[in-house]
Amino acid sequence: DAKTTQPNSMESNEEEPVHLPCNHSTISGTDYIHWYRQLPSQGPEYVIHGLTSNVNNRMASLAIAEDRKSSTLILHRATLRDAAVYYCIPYSNTGKLIFGQGTTLQVKP
Amino acid sequence: ETGVTQSPTHLIKTRGQQVTLRCSSQSGHNTVSWYQQALGQGPQFIFQYYREEENGRGNFPPRFSGLQFPNYSSELNVNALELDDSALYLCASSLGGFANTIYFGEGSWLTVV
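The listed protein sequences correspond, in order, to chains S and V. Residue numbers for the first sequence follow the working numbering, beginning at 1 and rising by one. Residue numbers for the second sequence follow the working numbering, beginning at 1001 and rising by one.
Bound conformation, chain S alone (with noise of 0.2 Å):
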């Protein structure tokens, strides 16, 4: 399984654009990235994933580096509502996501 490592804890302004490193170094060739972010007393919320493009939804864009041992999570404006634990995971076909400590993102107003 590939291991990631993630700031603990990370701060933005209201209105700003947000960029949440991951790195994950033992990725193998076949892994997805994942990221998920879980606000408080709820179920994780899937946000966006890519293999080696870049992404893009409405809810964030994922830049993936080139050699795939890194990639970067972009809120383009956080909100408070951004306010949450954001988690990256390589997914495999072995069918389990494994989540680590992820990062906390505050928001402030």
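Hints may contain errors.
So the derived list for chain V, only partly shown, Cβ under 10 Å to chain S, looks like this [as the list claims (entries may be wrong)]:
| hint | residue |
| --- | --- |
| 1 | Thr1002 |
| 2 | Phe1045 |
| 3 | Gly1097 |
| 4 | Gly1107 |
| 5 | Trp1109 |
Hint data in this document are derived by calculation from the structure and do not stem from the laboratory. Computed from a predicted structure; not experimentally measured. Cβ coordinates follow ideal geometry from the N, Cα and C atoms, glycine included.
Go by the hints and put chain V onto chain S.
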């Protein structure tokens, strides 16, 4: 709204008892997984079911068991409850495969006293 519903939302059990938690998957999703999340920790994988067969298991003892039904709904059963089983239990459904999105329910909070 993920389309994954879990019940009950909260329950309290006594040590040694048995508990059954239920999950209704998003429509058409043939793969369901269960996770345990202790307070302050990330979710831990318990097991996965694909088309009614167990398809992978995490590091949990046999007293944690499951079922998946023909309509793809699922149950998690825990026997001989221990205090350390107190946690949020999460159900997740998907179409299977690691390229697909996984959707989580809101979880069932279990307290063992």
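Hints, verified against the model:
no. : hint    : verdict
1   : Thr1002 : holds (8 Å)
2   : Phe1045 : holds (4 Å)
3   : Gly1097 : holds (7 Å)
4   : Gly1107 : holds (5 Å)
5   : Trp1109 : holds (9 Å)
When held up to the earlier numbered hints, the structure conflicts with none and fits them all.
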